[in-house]
Amino acid sequence: MSIYHDDDGSTFDATTALYESKSVPANDSIEIKAEAIGSGLMMAKNGQIGVKTGTADALTFTIYGITANIAEKLNV
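With our numbering applied, the sequence shown closes on residue 82, and no number is skipped along the way.
Check each hint, because a few of them may be wrong.
Quick list of in silico lysine to aspartate or glutamate cross-link-like pairs, EDC-like style, CA-CA up to 20 Å [unchecked claim]:
id, residue 1, residue 2
1, Lys51, Glu26
2, Lys39, Asp12
3, Lys58, Glu78
4, Lys58, Asp12
5, Lys58, Glu26
6, Lys28, Glu78
7, Lys39, Asp13
8, Lys58, Asp34
9, Lys58, Asp19
10, Lys39, Glu26
11, Lys58, Asp14
What follows is a set of in silico ranges between Cβ atoms, one per label pair, in the way DEER data are often shown [as the list claims (entries may be wrong)]:
id, residue 1, residue 2, range
12, Gln54, Val30, 20 to 30 Å
13, Asn81, Pro31, 32 to 42 Å
14, Asn81, Glu26, 27 to 37 Å
15, Gly60, Thr17, 28 to 38 Å
16, Gly15, Asn75, 14 to 24 Å
17, Asn75, Ala32, 35 to 45 Å
18, Leu80, Glu37, 16 to 26 Å
19, Ala40, Asp19, 18 to 28 Å
20, Ala20, Leu80, 11 to 21 Å
Honestly, the hints are just simulated from the structure, not real lab data.
None of these values were measured; they are calculated from a predicted model.
Built from N, CA and C at the ideal position, the CB exists for glycine as well.
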C-alpha cells in the first residue's frame, strides 16, 4: 500500500509518497494523526491524496479534515 500527497497536482510517485510499498496485514489499520488541532496534512486547492494497492479492493480508507475557510473561522 502506498499513500501519496501532492499539494499542487497529481504526481503519485516516490517524490510525493507519505508511505510507499508499506505492508498492511489483514484486518489491520494505519492511522495518520495530526499532533495538534489545526496541524496535519495541509492541502492546496488543486492538491490531491492518492492511495495505491497491489491487490484490487484490498483497502478501504477514510479521510477527515477541515477546509481553510473553516480553519480561519476556528482560528487554527
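These are the hints, each one checked on the structure:
| no. | hint | verdict |
| --- | --- | --- |
| 1 | Lys51 - Glu26 | 24 Å, violated |
| 2 | Lys39 - Asp12 | 18 Å, holds |
| 3 | Lys58 - Glu78 | 32 Å, violated |
| 4 | Lys58 - Asp12 | 14 Å, holds |
| 5 | Lys58 - Glu26 | 9 Å, holds |
| 6 | Lys28 - Glu78 | 35 Å, violated |
| 7 | Lys39 - Asp13 | 18 Å, holds |
| 8 | Lys58 - Asp34 | 16 Å, holds |
| 9 | Lys58 - Asp19 | 10 Å, holds |
| 10 | Lys39 - Glu26 | 18 Å, holds |
| 11 | Lys58 - Asp14 | 19 Å, holds |
| 12 | Gln54 - Val30: 20 to 30 Å | 21 Å, holds |
| 13 | Asn81 - Pro31: 32 to 42 Å | 40 Å, holds |
| 14 | Asn81 - Glu26: 27 to 37 Å | 35 Å, holds |
| 15 | Gly60 - Thr17: 28 to 38 Å | 20 Å, violated |
| 16 | Gly15 - Asn75: 14 to 24 Å | 22 Å, holds |
| 17 | Asn75 - Ala32: 35 to 45 Å | 39 Å, holds |
| 18 | Leu80 - Glu37: 16 to 26 Å | 22 Å, holds |
| 19 | Ala40 - Asp19: 18 to 28 Å | 25 Å, holds |
| 20 | Ala20 - Leu80: 11 to 21 Å | 34 Å, violated |
Of the numbered hints given earlier, the model fails hints 1, 3, 6, 15, 20; all others are met.
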